[in-house]
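Chains A and B supply the protein sequences, listed in that same order. First residue of the first sequence: 1, per the working numbering; consecutive thereafter. First residue of the second sequence: 1, per the working numbering; consecutive thereafter.
Rather than coming from a laboratory, the hints here were simulated on the basis of the structure. For each residue, glycine too, the CB sits at the ideal point set by N, CA and C. The reader is advised that the hints may include incorrect statements.
Okay, derived cross-link-like pairs now, BS3-like style, lysine-lysine, Cα gap no bigger than 30 Å in a straight line [claimed, not checked]: (1) A:Lys45 with A:Lys99; (2) A:Lys99 with B:Lys57; (3) A:Lys111 with B:Lys11; (4) B:Lys57 with A:Lys111; (5) A:Lys79 with B:Lys57; (6) B:Lys11 with A:Lys42; (7) B:Lys11 with A:Lys99; (8) A:Lys111 with A:Lys45; (9) A:Lys42 with B:Lys57.
Going by beta-carbon spacing under 7 Å, a handful of chain B positions derived as facing chain A [claimed, not checked]: (10) Trp27; (11) Asn31; (12) Leu43; (13) Asp62; (14) Gly63; (15) Tyr64; (16) Ser65; (17) Ser94; (18) Pro97; (19) Tyr102; (20) Pro108.
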Amino acid sequence: RKEVEQDPGPFNVPEGATVAFNCTYSNSASQSFFWYRQDCRKEPKLLMSVYSSGNEDGRFTAQLNRASQYISLLIRDSKLSDSATYLCVVTRGSGNTGKLIFGQGTTLQVKP
Amino acid sequence: DAEITQSPRHKITETGRQVTLACHQTWNHNNMFWYRQDLGHGLRLIHYSYGVQDTNKGEVSDGYSVSRSNTEDLPLTLESAASSQTSVYFCASSESPSSGRYEQFFGPGTRLTVL
């Protein structure tokens, strides 16, 4: 079983749609969680951290369910520029090693 | 602005040659990491360092080495390049875990082809 699992997609949605991505992680000791965005052939960039209470940044909302070891990312009012691969990322254990575990990513394609 | 740079951005080499990929960060981060990214595997950790003179093996370290002589640089060396090492290589850095900040910041990547 992979340590971080994501549905690879692709998710093809029209502009303005709401889309949700899910991610599960296997290590219950993981303490910090992130969503990264990666554009084709470019480096991953931090989109947002995920907090226990859930958090929102503009059109993006992240949720964490520790009991189910499940993380989600909701994108509202999708833009063409949201087309990218979204990586679910968790700390390896408590995070005191500084190491992160990356999911393989979910690809989003927003169509006009 | 602080940044992390990699060079070269593209490299073509032949099997058996030694290749060094450079990574330089101006974040003043203690932690630095090298990953490779291949289709079907996502990002895999090659080597990492917690500070000057410290280096550690990641999950796919065979055939690679690193050295850390200062805070800013962590060069990655392929001792004898193999076709299986054709990949995109990303360098990343982060603050010390004691800061409570775990997010990593990535360089633009080096696309390496071994013929």
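Going through the hints against the structure:
Simply put, A:Lys45 and A:Lys99 have alpha-carbon atoms about 16 Å apart, close enough for the 30 Å limit, and the pair holds. A hinted pair counts as satisfied when its Cα atoms are at most 30 Å apart, and A:Lys99 with B:Lys57 qualifies at roughly 12 Å. Distance check on the hinted pair: A:Lys111 and B:Lys11 sit about 34 Å apart at the alpha-carbon level, beyond 30 Å; violated. Straight-line distance between C-alpha atoms of B:Lys57 and A:Lys111 comes to about 42 Å, which puts the hinted pair past the 30 Å bound.
The straight-line distance between the Cα atoms of A:Lys79 and B:Lys57 is roughly 40 Å, outside the 30 Å bound, and the hint therefore fails. The suggested pairing of B:Lys11 with A:Lys42 holds, with an alpha-carbon distance near 16 Å, which does not exceed 30 Å. At most 30 Å may separate the alpha-carbon atoms for a hinted pair to count; B:Lys11 and A:Lys99 meet this at roughly 27 Å. Annotation: proposed proximity of A:Lys111 to A:Lys45 holds, straight-line Cα distance about 22 Å (limit 30 Å).
Between A:Lys42 and B:Lys57 the alpha-carbon distance is near 25 Å, which keeps this suggested pair within the 30 Å criterion. Contact between B:Trp27 and chain A, as hinted, is not supported at the beta carbon level, the nearest pair being about 13 Å apart and thus beyond 7 Å. A least Cβ separation of about 5 Å between B:Asn31 and chain A falls short of the 7 Å threshold, and the interface hint therefore holds. For B:Leu43, the shortest C-beta to C-beta distance to chain A is roughly 4 Å, which falls under 7 Å, so the interface hint holds.
Taking 7 Å as the C-beta cut-off, the interface hint given for B:Asp62 is violated, the closest approach to chain A being about 18 Å. Interface hint status for B:Gly63: violated, as the beta-carbon distance to the closest one in chain A is roughly 20 Å, over 7 Å. The beta carbon of B:Tyr64 is not positioned within 7 Å of any beta carbon in chain A (closest approach about 17 Å), and the interface hint is therefore violated. Taken as an interface hint, B:Ser65 does not check out: its beta carbon lies about 19 Å from the nearest beta carbon of chain A, beyond 7 Å.
Evaluation of the B:Ser94 hint against chain A yields a held restraint, the C-beta minimum of about 6 Å falling below 7 Å. Satisfaction of the interface hint for B:Pro97 is found here, the shortest Cβ-Cβ separation to chain A being roughly 5 Å, below the 7 Å cut-off. Among the interface hints, the one on B:Tyr102 holds; its C-beta lies about 5 Å from the nearest C-beta in chain A, closer than the 7 Å criterion. Restraint check, B:Pro108 versus chain A: the minimum CB separation of about 5 Å is within 7 Å; hint holds.
When held up to the earlier numbered hints, the structure conflicts with 3, 4, 5, 10, 13, 14, 15, 16 and fits the remainder.
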